[in-house]
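Got chain A; can you put chain B on it based on the hints?
Protein chains: 2
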Amino acid sequence: MTGHEYDVDTAVELLGDHPAGGRRYAATVTDRWSALGGGANGGYLLGICVRALRDEVARHADGHPDPLVVSAFFLRRGVAGPAELHAEAVRVGRRIATAEARLTQAGKETVRVVANFADLGAASGRTEMFAEAPKLPAPEDCVDATGGLSIPGLTIADRFEYRFAEPPGWSRGAPSGSPRMEFWARFKDGREPDTLCLPSIVDAAAPAVVELGEYASSTIELTTHLRARPAPGWLACRVRTSYLIDGYHEEDFEVWDSKGALVAQGRQLALLP
Amino acid sequence: MTGHEYDVDTAVELLGDHPAGGRRYAATVTDRWSALGGGANGGYLLGICVRALRDEVARHADGHPDPLVVSAFFLRRGVAGPAELHAEAVRVGRRIATAEARLTQAGKETVRVVANFADLGAASGRTEMFAEAPKLPAPEDCVDATGGLSIPGLTIADRFEYRFAEPPGWSRGAPSGSPRMEFWARFKDGREPDTLCLPSIVDAAAPAVVELGEYASSTIELTTHLRARPAPGWLACRVRTSYLIDGYHEEDFEVWDSKGALVAQGRQLALLP
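Keeping their order, the protein sequence lines are chains A and B.
Residues in the first sequence are numbered from 954 upward in steps of one, following our numbering.
Residues in the second sequence are numbered from 954 upward in steps of one, following our numbering.
Just chain A, same shape as in the assembly:
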């Protein structure tokens, strides 16, 4: 791990065995990844869980370095301060290992995560693509439409850089009415993407419903499929909500790397306030 913000702020420290099985870890939720309203961003909390899960899997077997599917249920609002995790392997197979983590703050469970790990570098098999990467101008030809926006409490916006082909409607106070966006994203401090951080990336940007004039939405559950290890550089993101029903909406998030490979698909169910 590096000294980059994301790695520092998702670090976990092994405390020892958990009486119910698995292990206990300590972590510190920082105030550098806060969402609108001041609570910790769910994807950031998930990043802490992924670190503990990978550690737990590695204690049982080598050969499962990459998250494959990560499903997180958000139970309570996370806040800056100490957290404890309980991570336990569920099944460690030859190809796929499964583990569960519970992140607790002040004795109350905040996030529950079940995840699979595998070796995406060793995956081989048939490949057929039926949709393409976002068609965006090169990042240097795009606009930094949201970098100048300063929204009190929204510290996670300071951790990432975004580039749009043109300023999105919501950034100009004129939501388009169509909840879909494509843009480039990267960590502002130069941390390169990997499979560990992608479950955070799919929850880091403004939700697609900002184009409906909705500026907050609470993630209930988020599942990420990791599809390949990302190449260094900018990530091309495509986010879309198709159905907002009685305040509940899904959000689909695709991440493509700088070489044009699909690296992650996220889907969440969220609820408008």
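Hints may contain errors.
Incomplete in silico selection of chain A near chain B, CB under 10 Å [unchecked claim]:
{"hint": "1", "residue": "Phe-1026"}
{"hint": "2", "residue": "Arg-1029"}
{"hint": "3", "residue": "Gly-1046"}
{"hint": "4", "residue": "Thr-1051"}
{"hint": "5", "residue": "Val-1067"}
{"hint": "6", "residue": "Ala-1071"}
{"hint": "7", "residue": "Phe-1083"}
{"hint": "8", "residue": "Ala-1084"}
{"hint": "9", "residue": "Arg-1180"}
{"hint": "10", "residue": "Ala-1181"}
{"hint": "11", "residue": "Asp-1199"}
{"hint": "12", "residue": "Glu-1207"}
The hints are simulated quantities; they were obtained by calculation from the structure and are not laboratory data.
Quick reminder that beta carbons are idealized off the backbone N, C-alpha and C, glycines included.
Positioned in the frame of chain A, the structure of chain B alone reads:
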């Protein structure tokens, strides 16, 4: 519950408290929902888990009759025979209750499920739809393209009826090369749809990759979002795979009811053999 096959075959019996918290249930996995190769269909096993989960949630509070998000990790092949479940409430909130279930056969965990429950009948809030229901002819004007196919061991095919606008390529031995299908579906014995069975429905039909000439695929993880309670009658289904990468593929499955309402979205990650 009724005497319909699905309800009989997903029934759970309370055994008592579990020493680790929550409760123990017994179930019988029948051979009436087997997939190609003879193992129990994952969506069917999931249906058993949903029954135990709903029972567990109802023990803590009223007012959460409908699954909202159901995420299942398939760990081992399920087989006809006895099963035991451990279901435990994670958090029971006013609006949303979360619980976890583990289905075990012969002492080995087969499926792990985390699910939220809520009252979809009480949901209210903004509604905006950005895509439409499948445009299919009325079921009576569609063809029963797969009802005559008899595939040894594939007993789940006898539990459902399907209707297509025209016979799909794979059913004629001529896969189209485009992994997407739309069709009507219902239980053959007349059981009407509800939110409990929808997580099974999204995994019951032939996978979209049959249109790529692939006749088997193992579900690794399946998440279902329940979006509304279905009206009685046929369900209009839309299934699609967009990315097959190194043998892994996602599958998106939408279910719309006979009145044209979206009732469920499923997404799974699966692996070709």
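Against the structure, the hints:
no.	hint	result
1	Phe-1026	6 Å, holds
2	Arg-1029	7 Å, holds
3	Gly-1046	8 Å, holds
4	Thr-1051	6 Å, holds
5	Val-1067	6 Å, holds
6	Ala-1071	9 Å, holds
7	Phe-1083	5 Å, holds
8	Ala-1084	5 Å, holds
9	Arg-1180	5 Å, holds
10	Ala-1181	6 Å, holds
11	Asp-1199	4 Å, holds
12	Glu-1207	9 Å, holds
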